[in-house]
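All chains should be built: construct the whole structure from the sequences, respecting the hints.
As given, the protein sequences belong to chains A and B, one line each in that order.
All the letters of the first sequence, read from the start, carry residue numbers 1 to 272 under my numbering.
All the letters of the second sequence, read from the start, carry residue numbers 1001 to 1234 under my numbering.
Hints may contain errors.
[Stated by the list, open to error] Subject to a maximum C-alpha distance of 20 Å in a straight line, what follows is the list of computed SDA-like cross-link-like pairs (lysine to any residue):
#: 1; chain 1: B; residue 1: K1124; chain 2: A; residue 2: E100
#: 2; chain 1: B; residue 1: K1124; chain 2: A; residue 2: S81
#: 3; chain 1: B; residue 1: K1063; chain 2: A; residue 2: E237
#: 4; chain 1: B; residue 1: K1063; chain 2: A; residue 2: P96
#: 5; chain 1: B; residue 1: K1124; chain 2: A; residue 2: V95
#: 6; chain 1: B; residue 1: K1124; chain 2: A; residue 2: G92
#: 7; chain 1: B; residue 1: K1124; chain 2: A; residue 2: D239
#: 8; chain 1: B; residue 1: K1124; chain 2: A; residue 2: R253
#: 9; chain 1: A; residue 1: K244; chain 2: B; residue 2: K1063
#: 10; chain 1: B; residue 1: K1063; chain 2: A; residue 2: D241
#: 11; chain 1: B; residue 1: K1124; chain 2: A; residue 2: A245
#: 12; chain 1: B; residue 1: K1060; chain 2: A; residue 2: G78
#: 13; chain 1: B; residue 1: K1060; chain 2: A; residue 2: G208
#: 14; chain 1: B; residue 1: K1063; chain 2: A; residue 2: F242
#: 15; chain 1: B; residue 1: K1124; chain 2: A; residue 2: W93
#: 16; chain 1: B; residue 1: K1124; chain 2: A; residue 2: P96
#: 17; chain 1: B; residue 1: K1063; chain 2: A; residue 2: V79
#: 18; chain 1: B; residue 1: K1063; chain 2: A; residue 2: D234
#: 19; chain 1: A; residue 1: K244; chain 2: B; residue 2: G1205
#: 20; chain 1: A; residue 1: K244; chain 2: B; residue 2: L1066
#: 21; chain 1: B; residue 1: K1151; chain 2: B; residue 2: G1205
#: 22; chain 1: B; residue 1: K1060; chain 2: A; residue 2: N240
#: 23; chain 1: B; residue 1: K1060; chain 2: A; residue 2: E237
#: 24; chain 1: B; residue 1: K1060; chain 2: A; residue 2: D234
#: 25; chain 1: A; residue 1: K244; chain 2: B; residue 2: A1233
#: 26; chain 1: A; residue 1: K138; chain 2: B; residue 2: R1164
#: 27; chain 1: A; residue 1: K244; chain 2: B; residue 2: R1032
#: 28; chain 1: A; residue 1: K244; chain 2: B; residue 2: V1232
#: 29; chain 1: B; residue 1: K1124; chain 2: A; residue 2: H91
#: 30; chain 1: A; residue 1: K244; chain 2: B; residue 2: K1151
#: 31; chain 1: B; residue 1: K1063; chain 2: A; residue 2: Y243
#: 32; chain 1: B; residue 1: K1124; chain 2: A; residue 2: H134
#: 33; chain 1: B; residue 1: K1124; chain 2: A; residue 2: I99
#: 34; chain 1: B; residue 1: K1124; chain 2: A; residue 2: R251
#: 35; chain 1: B; residue 1: K1124; chain 2: A; residue 2: E90
Keep in mind that the hints were calculated from the coordinates and are not lab data.
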Amino acid sequence: MAEIVELRDAVAELVHDGDAVAMEGFTHLIPFAAGHEVIRQGRRELELIRMTPDLLYDQLLGMGCARRLVFSYGGNPGVGSLHRFRDAIEHGWPVPVEIEEHSHAGMANRYAAGAAHLPFGILRGYTGTDLVNHTNVKFVTCPFTGEELAAVPALRPDVAIVHAQEADRRGNVQLWGIPGVQKEAVLSAERALVTVERIVDELEPRPGGIVIPGWVIDAVAVAPRGASPSYAHDLTERDNDFYKAWDTISRDREDFTRWMDEHVLDATGVTA
Amino acid sequence: MSAEAATAGEVQTIVAARLLADARSCFIGVGRPSTAAILARAIVNPELVLVYESGTIGAKPYKIPLSIGDGELAATADFVVPVVEMFNYWIQPGRIDVAFLGAAQVDRQGSLNSTVIGDYDAPKTRLPGAGGAPEIATGCDRVMVVAPHSKRTFVERLDFLTTRAAPEAVITDLGVLEPDPRDGELTLTRLHPGVTVEAAREATGWALRVAEDLRHTDPPTEDELSALRELVAR
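What follows is the structure, given as structure tokens:
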């Protein structure tokens, strides 16, 4: 059963320097509050795993938290580049970052294999692309039909961090709206932290709702607006203006650092 | 003609939307492909099922979303699925008819680069990467590419082959390219109103083939143009 704890304590206990950390949420329910706590606690040498790095990993990369990044789409959705992601890869600022990139289908199947505790996932993919020479994919022959298929290694992060709308007092979690790969991330990881908008007495079934039982989660922490500037379906709105503003804030190293100092490092709890 | 003539970008979006007239479902990326697909529901195909890689199937956005995961897409979708299901159950088996893709570079066979400009290990410009494109391009029966027509985009050699696509049409702001049935090379088959063959050749990074029966696209109608402008203004 998941313990309901303070976010600060949960991060201190579950996230260590050098860990492979998967913070998931596909455009929706991105765990910004927890990621900011990881930055405030000064974690270093992380292997950051995430299908869509988005603004959160742009911030973690720009603050020098990572030595490695595993991803499938590193853009600011609908806006353009992630400038800190680009600076880290193009110029090694503030620290060099090794990358391993896949397609979305590849990453999704890596998580699914991890959740199933299988060694690899299979799909029709990667064929004829230059990705084959630059990432971790191999081809296997189907023992039944002889078809050649792509094999991608399972993801088994040390810790998964996701955000959800609500948890009950026993730490059972429910999320709805765009469900992404959060369930797979939690089930593939050694340890799991879930932040939630609110604690409720009882989880009320929702259309398309995904329930993750407290007994596969290590800690639940309350973080109201903890996905902002991403959002929690039915509870908060995606702050599209901030996604656009980030293009300017993050373009320059000094502006970025100043913004992070003011809005993340000096903050004690959940940030705007 | 309307008071304000259509811009090249508006013509591109409208021509792309018309190509979805008989599609059942369309997988869409952000940007101009997204606008074109939403417009298609308004002008040529109200039943078109819009599919976004965030897992929203049958989304009916009133406004053009900024991201592929905006709340309105999930709120208006027929149903919403996890990412694993989206790729494994819906895209891979070919259940989505058409894919609308963009790219930073397109080559003469219609393959796409969205990974890097320059050398992979020492990039001049690091682009976002593959996203869903490689498997969307192979999973969907029909692929269409929507891209700005310039020498930077239409290149002799891709810096990186992210997506092996064989698009049935590439819709640019100058015209439409389609594969030559003999060898699949993208060939100029249609020019938008007021555009010359010379301008299209000038904006292409290889010696552009021109179809013998080159035609002009029909200019946007009043209805098409006002529907697009209304959509963008929302």
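(request) With a cut-off of 20 Å on the C-alpha distance, tell me whether K1060(B) and G78(A) pass. (result) Distance of about 18 Å is within 20 Å: holds.
(request) Below or equal to 20 Å on CA atoms is what counts here, so check K1060(B) against G208(A). (result) Holds - the C-alpha atoms of G208(A) and K1060(B) are around 18 Å apart, at most 20 Å.
(message) What's the verdict on K1124(B) and E100(A), does the C-alpha distance respect the 20 Å limit or exceed it?
(response) holds, 18 Å
(message) Just to be careful, I want the Cα atoms of K244(A) and R1032(B) compared with a cutoff of 20 Å; is the pair within it?
(response) Roughly 17 Å between the alpha carbons, so the hint for K244(A) and R1032(B) holds.
(request) Decide if the proposed pair is consistent with the structure: K1063(B) and D234(A), CA atoms, cutoff 20 Å inclusive. (result) holds, 18 Å
(message) With the threshold set at 20 Å, check whether the alpha-carbon distance from K1124(B) to G92(A) stays at or below it.
(response) Since the Cα atoms of K1124(B) and G92(A) sit roughly 13 Å apart, the hinted pair holds (cutoff 20 Å).
(request) With a cut-off of 20 Å on the C-alpha distance, tell me whether K244(A) and K1063(B) pass. (result) holds, 17 Å
(request) With a cut-off of 20 Å on the C-alpha distance, tell me whether K1124(B) and D239(A) pass. (result) violated, 31 Å
(message) Given the hinted pair K1124(B) and P96(A), is their Cα-Cα distance within 20 Å?
(response) holds, 16 Å
(request) With a cut-off of 20 Å on the C-alpha distance, tell me whether K1124(B) and E90(A) pass. (result) holds, 7 Å
(request) For the pair supplied as a hint, K1124(B) and V95(A), confirm whether the alpha-carbon distance does not exceed 20 Å. (result) Given pair K1124(B), V95(A) holds - Cα atoms ~18 Å apart, limit 20 Å.
(message) Run the distance test for K244(A) versus L1066(B): straight-line Cα separation, threshold 20 Å.
(response) The hint holds at about 9 Å.
In terms of the numbered hints stated before, the structure departs from hints 4, 7, 11, 19, 30, listed from lowest to highest.
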